[in-house]
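With chain A fixed as given, assemble chain B onto it according to the hints.
There are 2 protein chains.
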Amino acid sequence: MNGKETIYFKNHPKILGAGSIVGKYESDGPLAEYFDKCIEDGRNGEDTWEQAESKFHNIALGFALGKANLGMSDLQCILSGDLLNQCVASSFAWRDMGVPFLGLYGACSTFAEGLTIASMLVDSDHLDNAAVSVSSHFCTAERQYRNPLAYGSQRPPTAQRTVTGAGSVIVAKGCEKHPQTVCATLGAVVDSGINDANNMGAAMAPAAYETLKKHFENTNAKPSDFDLIATGDLGEVGRKILIEFFSRDGVELGDNYIDCGCEMFDIHRQDVHSGASGCACLATVFSGYIMSGLLSKKWNRILIAGTGSLQSPLTIQQKETIPGVCHAVEIISGE
Amino acid sequence: MNGKETIYFKNHPKILGAGSIVGKYESDGPLAEYFDKCIEDGRNGEDTWEQAESKFHNIALGFALGKANLGMSDLQCILSGDLLNQCVASSFAWRDMGVPFLGLYGACSTFAEGLTIASMLVDSDHLDNAAVSVSSHFCTAERQYRNPLAYGSQRPPTAQRTVTGAGSVIVAKGCEKHPQTVCATLGAVVDSGINDANNMGAAMAPAAYETLKKHFENTNAKPSDFDLIATGDLGEVGRKILIEFFSRDGVELGDNYIDCGCEMFDIHRQDVHSGASGCACLATVFSGYIMSGLLSKKWNRILIAGTGSLQSPLTIQQKETIPGVCHAVEIISGE
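Taken in order, these protein sequences are the chains called A and B. Everything in the first sequence is counted per numbering that gives the first Met the number 0, starting at 0 for the first residue and increasing by one. Everything in the second sequence is counted per numbering that gives the first Met the number 0, starting at 0 for the first residue and increasing by one.
In short, the hints are calculated from the structure, not lab data. All of these numbers come straight from a predicted model, not from anything done at the bench. The beta-carbon is built from N, C-alpha and C at its ideal position, and this holds for glycine as well. Each hint should be verified, as a subset may be incorrect.
With a cut-off of at most 30 Å between alpha-carbon atoms, the simulated DSSO-like pairs for lysine-lysine come out as follows [as the list claims (entries may be wrong)]:
| no. | chain 1 | residue 1 | chain 2 | residue 2 |
| --- | --- | --- | --- | --- |
| 1 | A | Lys-318 | B | Lys-23 |
| 2 | A | Lys-9 | B | Lys-239 |
| 3 | B | Lys-239 | A | Lys-172 |
| 4 | B | Lys-239 | B | Lys-3 |
| 5 | A | Lys-172 | B | Lys-23 |
| 6 | A | Lys-172 | A | Lys-221 |
Pair ranges (Cβ atoms, derived) [said to hold, decoys possible]:
| no. | chain 1 | residue 1 | chain 2 | residue 2 | range |
| --- | --- | --- | --- | --- | --- |
| 7 | A | Lys-318 | B | Glu-251 | 51 to 59 Å |
| 8 | A | Arg-247 | B | Glu-334 | 25 to 33 Å |
| 9 | A | Lys-176 | B | Gly-97 | 37 to 45 Å |
Sample of chain A residues lacking proximity to chain B, with all beta carbon distances greater than 10 Å (derived) [unchecked claim]:
| no. | residue |
| --- | --- |
| 10 | Ser-26 |
| 11 | Glu-32 |
| 12 | Arg-42 |
| 13 | Leu-69 |
| 14 | Asn-84 |
| 15 | Gln-85 |
| 16 | Ala-149 |
| 17 | Gln-153 |
| 18 | Glu-175 |
| 19 | Ala-220 |
| 20 | Pro-222 |
| 21 | Asp-224 |
| 22 | Ser-246 |
| 23 | Leu-252 |
| 24 | Glu-262 |
| 25 | Ile-331 |
Bound-form chain A, shown alone:
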């Protein structure tokens, strides 16, 4: 491939605004102050958890549009995805909005996938702007992937808790003061033979390693060149594996490396086992915490890596192993 996995955005598409909404558990975590909206009830006034998850998209996008000084009718395209079967949280969210919709499925890598595609389309002038909006919900995900919540089934220490929430960003042309995407490395599907659906961190870490390694090689960078490197949702288990993999190459992922799945909750106090997971993990942590740091110039050059675990309940039943994927996007703060 000779470096062709890395795509450069010569016009540096701008992130004009970002919005986020999270659930009660996330609101009780250390990042609560960074989210635009924290809700108490997982149904958020809707009849079903699924309807609530769809509504999260509308709410998060509303904040993003407001900050970008745009209205819904200004949007040229929405790239959106979630974890539900047939991605219904996102497709139902954009019913009758009149805005073109491109549905994505990259499991928990969807936010980085969407940000990459949106950046390419705005960079090339095919679109003036595009929204990326990604959601997940603990209650919709548990019953779909594992057991009905009412079972109260016990989960092993390697398991992670799906983030309830949604994060949206607006990618567009704009002035240099905004955070901007510089380049992205697209990931291939990597399967290291993990077959435990309660250990997705281990299933995704090899994909994260491959993509980050290629990003460093292709852009001639080293981890310490970044003010922040954030993987999506490897959790405690996956984060340690990633650090170990780089360590074997003599490369140190230092204090500038975080995993959003380890940041979202206070792991010891909140009883979330290996940390947070879900499409909305990177989407909300980016739209809240990371955007805040970019806007305040706490960080000037960062790398986010969305990590996705590509199994389904059916593939687990069929004794298949779990493939992973990871896409990385390099972002700089504005001037």
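Chain B in isolation, oriented as in the chain A frame:
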């Protein structure tokens, strides 16, 4: 939106090759001679239908690459999707291939969505080439969306039969002799209140109407300007609704209009009710029949419209209505 739904590809990305594989029922239909491979057994030598569906991608892409005179390692990106929960037919197909993977979910609009995105990315030079690969399988879809096949449940006359197969195309720079994409109109999510999951044609027809109408308006074209207009899988019911909708506007969809869902099977002889459906319907009919007509110059200017029905079994259980989406791509034959 003022015409901004339509995206123009100024460099006319070329379709260097297309490959298709279909199942037994499709092989017994009127288009059989156009497909690269017709199989007898739905498992095609694999242990499960799902594994067979994954393999379809590899086989269809193999034909497409061969015709494009490329190897797998020449590919810069694969955009791929299917109908299975968590899109596992496609993500499992590309395990350990080392080629960047972007997962899409647009239900049966996925092929048109992928062709549109691939065309933008190649047009802009962000990618030298990209494959689009889309699959569905009657046996995997029936048990996931409806009932286990062994039930032998009866279906109403409005129901359609999911196509078993996969279609892949290679979009790349190339010389003018190849078929090429000219522009595309991105569709929004349209919900007309249909709630019968056995009548997806009716659920998708309004979205097809909206997108095609915008395409004609934005490009200042009329249906008779095209040698062929092909919707994806409206079936007999949806096709008639679409013709009726345009007829009310005084616009005639003439003999140049076909629906791939009505072409795939001999509806009367093969007992398929309203026709064919599924992601692979447009993907295989395009990769086989339509590409053949473009290469032979039978048709010089065509419009394909991928139509997707965005429900899930859960949303049907929850009494939600069925949203539809449609993306249209205009293609010309080479010189």
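These are the hints, each one checked on the structure:
Note on A:Lys-318 and B:Lys-23: the hinted pairing holds, with a Cα-Cα distance of about 27 Å set against a maximum of 30 Å. Only pairs whose Cα atoms come within 30 Å are accepted, and A:Lys-9 paired with B:Lys-239 is rejected, the gap being roughly 47 Å. Our distance criterion of 30 Å between C-alpha atoms is broken by B:Lys-239 and A:Lys-172, whose separation comes to about 42 Å. Distance check on the hinted pair: B:Lys-239 and B:Lys-3 sit about 28 Å apart at the alpha-carbon level, within 30 Å; holds.
A hinted pair counts as satisfied when its Cα atoms are at most 30 Å apart, and A:Lys-172 with B:Lys-23 does not qualify at roughly 50 Å. Restraint check for A:Lys-172 and A:Lys-221: satisfied, since their Cα atoms lie roughly 29 Å apart, inside the 30 Å limit. The hint said 51 to 59 Å for the Cβ distance between A:Lys-318 and B:Glu-251, and at roughly 55 Å that hint holds. One distance hint, 25 to 33 Å for the beta-carbon pair A:Arg-247 and B:Glu-334, is violated here, with the actual separation near 54 Å.
Between A:Lys-176 and B:Gly-97 the CB atoms are about 39 Å apart, so this pair conforms to the stated range of 37 to 45 Å. Chain B leaves A:Ser-26 outside its interface by the beta-carbon criterion, the shortest separation being 26 Å against a cut-off of 10 Å. Look at A:Glu-32: its CB is around 33 Å from the nearest CB on chain B, clear of 10 Å, so calling it non-interface holds up. The Cβ of A:Arg-42 lies farther than 10 Å from every Cβ of chain B, with a closest approach of about 13 Å, so its non-interface assignment holds.
Distance to chain B confirms A:Leu-69 as a non-interface residue, since its nearest Cβ pair spans about 13 Å, more than 10 Å. The Cβ of A:Asn-84 sits about 4 Å from the closest Cβ of chain B, inside the 10 Å cut-off, so the non-interface label is violated. The claim that A:Gln-85 is not at the interface with chain B is violated, since a C-beta of that chain comes within 10 Å of its own (minimum 4 Å). In this structure A:Ala-149 is separated from chain B by more than 10 Å, as the shortest Cβ-Cβ distance comes to about 17 Å.
Against the 10 Å criterion, A:Gln-153 stays outside the reach of chain B, whose nearest CB is about 24 Å from its own CB. At the 10 Å boundary, the C-beta of A:Glu-175 stays outside the reach of chain B, the nearest C-beta of that chain being 21 Å off. The Cβ of A:Ala-220 sits about 19 Å from the closest Cβ of chain B, beyond the 10 Å cut-off, so the non-interface label holds. Every Cβ of chain B is farther than 10 Å from the Cβ of A:Pro-222; the closest lies at roughly 22 Å, confirming the non-interface assignment.
The non-interface label for A:Asp-224 is consistent with chain B: the shortest C-beta to C-beta separation is roughly 23 Å, beyond 10 Å. For A:Ser-246, the condition that its CB be more than 10 Å from all CB atoms of chain B holds, with the nearest at approximately 24 Å. Against the 10 Å criterion, A:Leu-252 stays outside the reach of chain B, whose nearest CB is about 23 Å from its own CB. Distance check on A:Glu-262: its Cβ is at least 25 Å (rounded) from any Cβ of chain B, clearing the 10 Å threshold; non-interface status holds.
With a minimum CB-CB distance of about 19 Å to chain B, A:Ile-331 clears the 10 Å threshold, and the non-interface call stands.
Hints 2, 3, 5, 8, 14 and 15 from the earlier list are contradicted by this structure; the remaining hints agree with it.
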